[in-house]
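Asks: Here are the chains, one letter per residue:
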Amino acid sequence: QQQVKQSPQSLIVQKGGIPIINCAYENTAFDYFPWYQQFPGKGPALLIAIRPDVSEKKEGRFTISFNKSAKQFSLHIMDSQPGDSATYFCAASGFQKLVFGTGTRLLVSP
Amino acid sequence: SQTIHQWPATLVQPVGSPLSLECTVEGTSNPNLYWYRQAAGRGLQLLFYSVGIGQISSEVPQNLSASRPQDRQFILSSKKLLLSDSGFYLCASRTDPGYTFGSGTRLTVV
Chain A
1 QQQVKQSPQS
11 LIVQKGGIPI
21 INCAYENTAF
31 DYFPWYQQFP
41 GKGPALLIAI
51 RPDVSEKKEG
61 RFTISFNKSA
71 KQFSLHIMDS
81 QPGDSATYFC
91 AASGFQKLVF
101 GTGTRLLVSP
Chain B
111 SQTIHQWPAT
121 LVQPVGSPLS
131 LECTVEGTSN
141 PNLYWYRQAA
151 GRGLQLLFYS
161 VGIGQISSEV
171 PQNLSASRPQ
181 DRQFILSSKK
191 LLLSDSGFYL
201 CASRTDPGYT
211 FGSGTRLTVV
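From first to last, the protein sequence lines stand for chains A and B. Numbering-wise, my numbering puts 48 at position 48 of the first sequence, and it's gapless, one number per residue. Count along the second sequence from 1, then add 110; that gives the number in my numbering.
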C-alpha cells in the first residue's frame, strides 16, 4: 500500500519533444508528491512538487498533472533539452516517510 | 535553507570489515532524518528514519544499523560488511513538506 509505481523505465525523445513520465500510488494518506531529478553520481534534487488538492502545477518547463480520483500523477517536460537527460523519480510523502518510484532514465537527443 | 553533509564521498571496504557513514545537517533543528540506499541503476530504498535523538525506525531487515546521537547527526553502521551492501547511500532531511538530500556516499564492498 505504500508503493509508488512509475513508468516508463526509460525514455528517449528528440530535443524540443515533451517527455511524459507517469506514476501511480495506492494509499490515499499520501499528502505530498514531489519529483526529483538525479544526475549520475549525485543525490536527487527536488524538481517540482504538488499537493493532492491541486490538479496541475507548472514551474518553468516542468508541469505536474495530478488526478486524485485515479491516484495518478505525471511529469511533463516542455521543450526538452539535452541537459534534461537524467533519471527522474516520482515520490509520495506520508507516515513520516518519502517513498520513491523506481525511476525513469530520460535521454534527450540533440 | 538546509545543508546536508555526508562523508566520505567514496569508500572501498573489504567484506567483513566494519562501516560507519556520517551525516550532519545544518540550517534546521529537530529534523526527521533518513538513510536511503540506491543500487546501481535502481530506485531509492528507505533503510532507516529517525524523528528524534535516539529514535530509529528500520524499514527493512538487513546487515546495517543506524544511530542518532545528536539532533543533527545521523550515522549508518555495520559490524561486518557483505558484498550486497555495495551501493550509493544517501542521507536526507525532511523540511516540511519537502526533503533535502545529501550528495551521497558510493560504497563498494570487495
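I should point out that these hints are in silico values taken from the structure, not numbers from a laboratory. Bear in mind the structure is a predicted one, so any value in this text is a computation, not a measurement. Where a beta carbon is used, it is the ideal one built from N, C-alpha and C, also for glycine. Treat the hints with caution; some may be incorrect.
[What the hints assert, rightly or not] Anything over 10 Å on all C-beta distances counts as not near chain B; from chain A, calculated:
1) 12
2) 24
3) 74
[To be verified] In silico contact screen, one side only, chain A against chain B (beta carbon under 7 Å); selected entries:
4) 13
5) 17
6) 32
7) 40
8) 43
9) 47
10) 100
11) 102
Asks: Broken hints, numbered, in rising order?
Replies: 4, 5, 7 and 9
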